[in-house]
Structures are given as structure tokens and as C-alpha cells.
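Numbered according to this note's numbering, the sequence shown terminates at residue 360, and the numbering increases by one at each position without gaps.
No lab work stands behind these hints: they were computed from the structure. Any given hint might turn out to be false.
To be verified - Calculated cross-link-like contacts (lysine-lysine; reagent style DSSO-like; alpha-carbon spacing at most 27 Å): (1) LYS258 - LYS135; (2) LYS200 - LYS258; (3) LYS6 - LYS157; (4) LYS200 - LYS135.
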Amino acid sequence: MKILVVKFRHIGDVLLLTPLIENLAIIFPNAQIDVAINQESEMVLQGNPHIHQLIVYDRAKIKKSKGLNRLKLELQFFYFFVQNRYDYVLNTTEGDRGAFIAFLSRAKQVVSPVSHSFFAYKITHILPPYKGHIVESHLDILRVLKKEIYSKKVCAYYEESNWKQIQRLGIEGDFVLIHPLSRWKFKCIDVSLVAKIIDFCQEELGVKVVLSAAPAQEELQEIQEILSVCHSQPMNLAGQMTLKEYIALAHHAKLFIGVDTANMHIAAAMNTPVIAFFVASAVFHWGAWDNDLMESTYCNQDGLQRMGKHTIFVKNSASRDSEIMENFRQNGTFNINNFDLNLLFQEIKEKLRNKK
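Input sequences plus hints: build the corresponding full structure.
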């Protein structure tokens with residue numbers, strides 16, 4: 005049996021697909037499970053023992069190509085599905101591409117969100133719109149197929165060489181990993197608040213802080229702004245790691261502090277306690293998932309929320325895209341003037357007190 009899972013989204017979305025993949029491997033132990041994803045998400049699934057093949061759509065390369073060359077690259081990608089027939093196509097992504105791939109692969113069983121394309125007739129099972137956590141939304145595929153759910157663990161993998169490379173950068177002993185930035189500015193918290201957190205960890209608790217960020221020039225500049233406000237000197241690894249090396253780093257951290265990003269989901273997948281700030285984001289969809297639990301405890305409200313070992317501070321919770329920027333424009337982000345630092349510091353102390 006051959007199963008194709010389709011997820012053309014960002015890294016965090018794709019990582020939260022792993023509970024579905026593990027359950028498919030349990031339910032269909034002899035099946036070949038392939039996953040079609042965007043190139044940016046490839047590394048987060050590499051090494052997953054349940055996946056036979058990653059089918060990668062290089063969106064950046066294809067978009068840069070022109071005319072006939074772009075058409076050639078598109079056709080080469082989609083022709084793979086003509087050559088490789090699947091028994092199941094499980095499409096988790098809204099839009100028409102999943103239905104088109106199901107048509108090309110001639111799959112007999114197709115689970116997909118509603119599609120209005122010409123190829124929608126190939127869908128045999130409609131995936132309902134997600135209402136709860138994204139982990140549960142992915143597992144709705146199994147519910148639609150009337151299959152049992154055995155696990156809800158989010159998993160990422162790395163090689164020992166990845167950790168050794170991090171050690172060569174100077175990492176040793178216990179540390180708190182802070183990833184304070186996002187490509188989406190409304191998700192970020194105030195620079196002064198980040199500096200207060202860093203100084204508290206290093207000066208009050210005596211725990212080293214390691215900073216991470218994407219290699220984008222804008223993020224590297226923001227990290228420098230944070231460092232200029234700090235009284236202490238955290239270790240700055242911003243822009244210096246591959247995704248696999250970051251996974252290794254997150255695994256060895258005693259605590260992750262950051263915002264709603266793939267980096268947060270990676271830390272949670274490695275069973276590292278998380279403290280995260282959600283600004284105009286839907287925590288009940290995207291909160292850090294605790295692998296020791298089977299049910300989400302997040303809801304659509306502001307304030308402090310928890311799921312097991314993870315803590316989320318929520319401001320301007322948004323359930324629809326149309327709300328996000330309006331909430332941010334009206335109410336702004338977390339800063340040292342509108343946030344209870346003592347509550348945050350107590351959470352940090354509690355999580356560091358409990359051994360990982």
C-alpha cells in the first residue's frame with residue numbers, strides 16, 4: 005500500500021503533521037508513506053523513520069524561473085505523481101493543489117478539505133474545517149477514515165553530528181534558549197522586555213542564555229538592538245545554525261522562551277518546556293503541544309494558559325486572519341509597561357526548578 009500525505013505550508017505547520025504520520029505507520033505497518041511539502045520544510049521531516057520519501061516542491065526556485073523553464077519545473081514536479089500511483093492521498097492543505105495531485109496519482113481514497121476545482125470529484129472524504137488545535141485537525145483525517153488514534157506525539161530528529169557542531173560554537177552546561185523574533189512583526193514582543201528576560205536569567209538565576217534567530221538581515225539587526233539594551237551578555241547564535249542544528253540545540257535546552265514560531269514547536273517536540281508569547285495569534289490552534297498529553301487545554305482567551313509543561317501568555321487572541329492586524333494595531337504587543345514581570349519570572353523559576 006502507498007500513502008501520500010500533502011502539506012504545502014511552513015515549517016511549524018509541517019512539524020505538527022508528525023502525529024498523523026506516526027499513526028499511519030501504526031495503522032498500516034507495511035505501507036509506504038510519502039510526504040509532499042515545500043522545500044523550506046524538508047529538513048524538519050528528514051530522519052523521520054516513518055517516512056519513505058519526501059517529495060519537495062522548490063517554491064523559491066520555481067518562482068524565480070521564467071517562461072518555459074518555470075513551466076518545465078512545474079511539470080517535472082507534478083509528473084512524479086503521474087508516475088507514482090497511490091492508494092491514499094491525504095491532503096491537509098486548503099486550495100486546489102491537493103485535489104489535482106490526487107487526480108494525477110489516480111488514488112482511490114482521497115481525504116481533503118473542500119475544493120471547488122474541477123478535480124474536486126476525486127475527493128472521497130471531506131476533511132472538516134479545523135476548530136481546535138492543528139495537531140487534532142491533522143488527526144481528523146483518521147477520524148474521517150474511522151481509524152483509531154494511538155499517539156499524539158510531535159517529533160523532530162537530528163544527528164549526533166548536529167549537536168557536536170553546536171558544541172563547537174561554544175555551548176556547554178545548562179542554558180535557556182530564547183528565540184524572540186518572527187518573520188511576522190505582530191508576533192514579536194518589545195525589545196526591552198526581551199532584555200529584561202535575558203538579564204533575569206543570567207544575573208538573578210545564574211543560567212546562561214543562548215539567543216537564536218533566522219539569518220535574515222532584519223532579524224540579525226533586531227538581535228543587535230536587543231543586545232544593546234541588555235546589561236548581561238548572552239551567547240548569540242543568531243543566523244549561525246542549520247535547522248537540524250537548531251533542533252539539537254532545542255533538545256538540550258532546559259527551557260525555551262519565545263514567540264509563536266516553528267522554533268517554539270520544535271522545542272516542544274523535543275520535550276523542552278516552553279514559555280511563549282502569543283500576540284494576536286490563535287493559541288487554541290497553535291499553542292505549544294505537550295507530548296505527554298492527549299488533549300489540548302488551550303482556549304480562545306487572553307491571559308496565561310497552560311498545556312502540561314508549557315505556558316503561553318496570550319494578548320489579543322485572534323481566531324481569524326482578518327482579526328490579527330486589527331488587534332495588533334489597536335492594542336500592540338507585550339512590553340514592560342503592560343505585563344506582569346513577576347508572574348513571568350516565577351514561571352521561569354518554576355520550569356528551571358523542575359528537571360527536564
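Each hint, compared with the structure:
{"no.": "1", "hint": "LYS258 - LYS135", "verdict": "32 Å, violated"}
{"no.": "2", "hint": "LYS200 - LYS258", "verdict": "19 Å, holds"}
{"no.": "3", "hint": "LYS6 - LYS157", "verdict": "23 Å, holds"}
{"no.": "4", "hint": "LYS200 - LYS135", "verdict": "36 Å, violated"}
In the structure shown, a violation is registered for the earlier hints numbered 1 and 4, in ascending order.
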